[in-house]
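If you read the protein sequences in the order shown, they are chains A and B. Start counting at 1 in the first sequence, then tack on 349, and there's your number in the working numbering. Start counting at 1 in the second sequence, then tack on 46, and there's your number in the working numbering.
Since the hints were derived computationally from the structure, they do not count as laboratory data. Warning: the hint list may mix true and false statements.
As the list claims (entries may be wrong) - Below, computed lysine to aspartate or glutamate pairings styled on EDC-like, alpha-carbon distance capped at 16 Å: (1) Lys78(B) to Asp1049(A); (2) Lys78(B) to Glu1011(A); (3) Lys227(B) to Asp608(A); (4) Lys204(B) to Asp173(B); (5) Lys59(B) to Asp608(A); (6) Lys656(A) to Glu679(A); (7) Lys59(B) to Asp1049(A); (8) Lys91(B) to Asp211(B); (9) Lys58(B) to Glu973(A); (10) Lys229(B) to Asp819(A); (11) Lys234(B) to Glu927(A); (12) Lys59(B) to Glu480(A); (13) Lys227(B) to Asp1049(A).
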Amino acid sequence: MKKDLLKTGGICPLSRRSFLKSAAAAGILSSLPAGILQAAEWERTHYEGDYETFRNACPRNCYDTCSIKSYVKDGVLRFVEGAKESTFTGGALCVKGFSYPRRVYSPDRIKYPMKQIGRGTGNWKRISWDEALTEISNKILEIKKKDGSLLGMALDKYSGNFGITHYGVEGMMSSLGYTTRFVGTPCWPAGIDAQNFDMGNMWCNDPEDIVKAKYIIIWGGNPAWNSVHSMKFVYEAQERGAKVVVIDPIMTQTAAKADLYIRIKTSEDGSLALGMARHILDKKLYSKEFTTKHSKGFDEFAAYLKKNVTVEWAAEKSGVPANVIRQIAEEFASASPATIWAGYGLQRHTNGGVNVRAIDAVVAMTGNIGIEGGGARYGHLHTWGFNYNAMVQKQPEGSVGYLGKDKIKSEFHGPEGEAQAAYSDRTININKIAESILTTNEPPIRLLWVACKNPFGQDFDRNKLKKAFDKLEMVVTVDQFFNETVQNSDIVLPCTTLFEEYTVNVSYWHYWIGLNEKAIPEQYEAKSDLQIAAMLSKKMNELEAGSCTFPQITDTKVWMEKEFNDGIHKLFGIESWEDLKNGPRKAQLPSSASWNEMKFGTPSGKYEFSSDLAAEYGHTKLPEYKAPRKAYDKFRVLTPHTQFALHSQFNNIDIMRDFNPEPFVYINPAAAAAKGIKDGETVKVVNKTGSVTLKARVTDIVAEDVLVLYEAWFGGKTDFNIQELVDDESSDMGTFKTGAPGVALHDQFAGIEKA
Amino acid sequence: MKKQLAFLVNSKKCIGCYSCAMACKNQYHQEKGVVWRKLKPLEAKDYPHRDRAFYSLACNHCATPICVEVCPVGAHVKREKDGIVVHSSDKCIYCRQCIEACPYGAPADNVELQRAEKCSMCVERIDAGLLPACVQGCPAKAITLIELTEEKLPDYVKQYPVGFDKFEELNPSTRFVEAVKPKLVLNKKDL
């Protein structure tokens, strides 16, 4: 009898969807209210077959930028998977990627444009798109009239969506006039500048070629959580005999997979790298060919090492015993190819840029730059050569702007617009938003537009930020969820998820390109950033003809098509974007190694151990030791990424709580005992910036005077936010390539007590 | 020996990323709180570093499944052709017997829908020639699907690894590779 039952194997009983299916068959679906296909589409499902499939690409600020295949039935996103065509994504996604269907159909999504009667009151009122756009447009026109320019309108946007067409938000601003722009990047600019000074660009090997490495150092990065797809290549290298060393102040999940884990003192990466370099020099294990033929300033670097660095000094500074420094230096120099993956955490310090330069120097002097399986891996923008058509928009005729020479810089693309206009936008360091809003006058910032960013979730010194927002006359935020920035806004505009628009995505790590198709209709009244710009343009021109130049095109597919050019086609070996419907494509490169022709982008055309350009930007020519930021409290506070969130996205998705129910502060057993803190007890972490109250988790993954709290905004009923503990201290580098230095996110300190 | 499909959970490769657990929810849309596949962090006695080694666990598709034995309505059925223990929740009368009987805690108590439910190894995907969602969804290739045969598995592949309870009468089909520890060089103080 049992055998008969076996044939069915049905996992799921009749659902509301089955009702919808029969409704569709009966032809009554179109007469149902629209909401029924949207409000509760997260309902039980199982694998049925016969899906309509679409190509999507995860647009989050992440190494892996996954190519996604989406399975749709009855206009509803049923499930997603990693694209098998990509050898990088390899059919798998991360915990965040697999939560996407819930994110799309989350009951917490912002469904309509809304207006808050009294900022911060929570008294939200649904308004129509027309009402919202009319109110915003009138404010823009009022500012222009009052100030004679639109510099009182500012844009705060960064990495919430890296889809190429999302630079249309910048385009929208330009199409209105000369405005105020927050420029720079919080995340990685110190390392970008470091690699530019050393090599003339940030250009890493294909991450898939790490399988060829014989020795791998993962330094200040945690790919096991933040680049999950890279781990299979690290494993393959290990299986082929490579040794994997992880250097990090935290025993990360990546460290647990290493052959050797070295717990370094935070921000002392420079001393360790220089100590390794000194030993390599003494043992004559450096590459004579590379240092003589392909580099500039090696003799000066060697002289600096001999005069200022010893292995014992490096051991004292870094906390890594001298014998271990010698061992890893010799092993690294003797293995070929050997590679270092320099993570982004390592450069979020007041000496982060110069520390990356010291690490680059170890890779370079051992002849590991320009070879497959080698390299100082940090990131690349080799595949980002799109048209930025949506971004490049002309100001309306007669626009008045800033009379300085500000040029908007971004790591992803060249300066916006080539025009030698007399006027320009007013630029302000993105990492000093609070301070800038408070101190900028003539004209003050009156209207702030926030898109692809959650400043209250991610920015620094939040108490100051609150004061800054209080100075603003109007705040408009485009988002999907009622986060803390939305709470501090007047108008919120609902935006689409990646499944509801067309765009195209590439990575700053791997070399694949992924098409992002519109798989399902826009949910509720959500619109994409581009559609919002087009609708705003329409309204502006209705109210005052000629006041906005943004094309009133609302089909995101048209915008996506305009981003492609011959360079992109050639690089990826495609005739047109339509080829990407068959799956993601990888750039066709002559070698998996960056700098394989040994032609560097520096002024000398060589690898520059000594960089005049670095000196021009106020740094030492050589990667000289720079002491870390002085501690201002008893414990160091590290706030790295968790696997469950990408900055302030995903932590708030309810089903993520099944696996990540609440935030913790991680503390060493010795420190916990000294403070009388028991595992699971509620504690208060306090510093000069603010405080957070949460439970302690006692663990040996950190040193005795280090506290770890994973970022970021948690959402739901908790008001936990680690940015309460982070000030806006700058990192050393970033100005050269991104227009502003980064943030010394990991140079923070605090005290901890039982709550 | 009858054909038996099984999960091979490689804890040496597992990075605790929870992709497998969410891949399951992506496929079946279980309600919040209803989890078929979870990660079990190894306890301090079994692995010295907290939250740094895991077993990804779901139904073990036992050779002698207790759920099949106790279910009064035949909602749990062990398939002849591949040994998958399939649960049909539309037959479930919510008597909770399987939930109480399974020592591995595989059947989940769905309070909202008032029924028991569990991993059926993505039987519909398997029948369509696909891998289970968790297996395909693991970016580290730490869960694979294997077929248990008369042939002996290598010694490092274990049925009862450290930290996994031994219930021999059930003869769970899941196999494991144990986590390894890195060599450590630790400084005590950061500042």
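For each hint, the structure was consulted:
1. Lys78(B) to Asp1049(A): violated (31 Å)
2. Lys78(B) to Glu1011(A): Answer holds: Lys78(B) to Glu1011(A) is near 15 Å, not above 16 Å.
3. Lys227(B) to Asp608(A): Since the Cα atoms of Lys227(B) and Asp608(A) sit roughly 8 Å apart, the hinted pair holds (cutoff 16 Å).
4. Lys204(B) to Asp173(B): At roughly 27 Å apart (the allowed maximum being 16 Å), Asp173(B) and Lys204(B) break the hint.
5. Lys59(B) to Asp608(A): With a Cα-Cα distance of about 13 Å, the restraint between Lys59(B) and Asp608(A) holds, given a limit of 16 Å.
6. Lys656(A) to Glu679(A): Cα-Cα ~21 Å, so violated.
7. Lys59(B) to Asp1049(A): violated (21 Å)
8. Lys91(B) to Asp211(B): holds (14 Å)
9. Lys58(B) to Glu973(A): With a Cα-Cα distance of about 39 Å, the restraint between Lys58(B) and Glu973(A) is violated, given a limit of 16 Å.
10. Lys229(B) to Asp819(A): violated (52 Å)
11. Lys234(B) to Glu927(A): Violated - the C-alpha atoms of Glu927(A) and Lys234(B) are around 56 Å apart, more than 16 Å.
12. Lys59(B) to Glu480(A): It is violated: about 54 Å lies between the C-alpha atoms, which goes past 16 Å.
13. Lys227(B) to Asp1049(A): Within the cut-off at roughly 14 Å; holds.
Consistency note: the structure conflicts with the earlier hints numbered 1, 4, 6, 7, 9, 10, 11, 12.
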